[in-house]
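Position chain B against the provided structure of chain A, taking the given hints into account.
Chains A and B supply the protein sequences, listed in that same order. The numbering of the first sequence is our numbering, which starts it at 1 and goes up by one. The numbering of the second sequence is our numbering, which starts it at 185 and goes up by one.
Treat the hints with care, since some could be wrong.
What the hints assert, rightly or not - Calculated from the model, a selection of chain B residues having no Cβ within reach of chain A, i.e. all distances over 10 Å:
no., residue
1, 266
2, 270
3, 319
4, 329
To be verified - Sample of chain B residues at the chain A side, in silico, Cβ under 8 Å:
no., residue
5, 197
6, 300
7, 342
8, 366
In short, the hints are calculated from the structure, not lab data. Even for Gly, the Cβ is constructed at its ideal location relative to N, Cα and C.
Number of protein chains: 2
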Amino acid sequence: MPKPPHILAIRPAPATSFLHIEQVDLEFSNGERRTFERMLPSGLGAVMIVPMLDRDTVLLVREYAVGVERYELGLPKGRIEPGESIEAGAEREMKEEVGYGAHRLLHLAALTLSPAYMTHHTHVVLALDLYPERLPGDEPEPLEVVPWKLAELHALLEHHEVSEGRSIAALFMAREHLAGRYQP
Amino acid sequence: MPKPPHILAIRPAPATSFLHIEQVDLEFSNGERRTFERMLPSGLGAVMIVPMLDRDTVLLVREYAVGVERYELGLPKGRIEPGESIEAGAEREMKEEVGYGAHRLLHLAALTLSPAYMTHHTHVVLALDLYPERLPGDEPEPLEVVPWKLAELHALLEHHEVSEGRSIAALFMAREHLAGRYQP
Chain A
1 MPKPPHILAI RPAPATSFLH IEQVDLEFSN GERRTFERML PSGLGAVMIV PMLDRDTVLL
61 VREYAVGVER YELGLPKGRI EPGESIEAGA EREMKEEVGY GAHRLLHLAA LTLSPAYMTH
121 HTHVVLALDL YPERLPGDEP EPLEVVPWKL AELHALLEHH EVSEGRSIAA LFMAREHLAG
181 RYQP
Chain B
185 MPKPPHILAI RPAPATSFLH IEQVDLEFSN GERRTFERML PSGLGAVMIV PMLDRDTVLL
245 VREYAVGVER YELGLPKGRI EPGESIEAGA EREMKEEVGY GAHRLLHLAA LTLSPAYMTH
305 HTHVVLALDL YPERLPGDEP EPLEVVPWKL AELHALLEHH EVSEGRSIAA LFMAREHLAG
365 RYQP
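If we strip away everything but chain A, and leave its shape as in the complex, we get (with noise of 0.2 Å):
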């Protein structure tokens, strides 16, 4: 288990920042108006992956976060690049952060972060029939893999490192689709 990075510096971001923020002046059907900020993304979207070990294991990492300063445990994610579909984008990221590769991937959602004040969207993809290959990431350190049963989530959730609104909810959705009571 590594011990957490040391923060070097921080400092304002220069207006060539990957985040941007607009305002938008809003007039509602009743007439009221209103100036609401926004946060633009940068990219094409994000992806989280839930990569099913078997029918009942997902596998979660264990990663270094530095808007919470301390690891999360959660479902392996990242950015589509150009040229990339939501499902290949899925894959890449699974082998660079898990070491494997599926056979069977289905989008099961787009989830937002804040829809009041972000655009940002995140793609949840189920990744079935799992194989062992490993791709080289960006990532500054490797990431520590964390096997955790379906059936246990309630046990995940008093976990201290886990946090994170939007891995929860994929979490259950996916359970709520292999159980099949939800249809993407």
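Chain B alone, transformed into the frame defined by chain A:
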């Protein structure tokens, strides 16, 4: 059901914007260095409420979300105000958005949006033993309140206005708690 608002103007946000971006230089324990960007919240955090009208029925709200430029169906939420506890903020937002207070409030979780590049936390509060009481809010139009059965969350996942990861996560967490499987 109101018509969506009209967008009058969009422009880059000034430096006084409520959203701020900063860069962080990191050195990992293996000596690798990276610079990451993260978004800073301006306030005291957000609160998201799971208001239970009875043991099986949660009250959702339908609200315009400028990040995705459509109405979103999800849990009531808002920012915690200066001097307010999490529970007081939860009850105020409930009274403003759904027209109910609660005799029992339980802090279920602190969810993150994207811990890799956001410092934001959303406190999830379960509200039980509701009573009717309305407070005037700052909403530009009244929110539509939509009751939903907790046993039917799988059907909610298929609703075209449901996309917010933390709202879906909070609903499943509340269901696990009410079923006696998860304790915060």
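Hints, one by one, checked against the model:
no., hint, in the structure
1, 266, "20 Å, holds"
2, 270, "15 Å, holds"
3, 319, "18 Å, holds"
4, 329, "17 Å, holds"
5, 197, "4 Å, holds"
6, 300, "5 Å, holds"
7, 342, "7 Å, holds"
8, 366, "4 Å, holds"
Hint violations for this structure: none, all hints satisfied.
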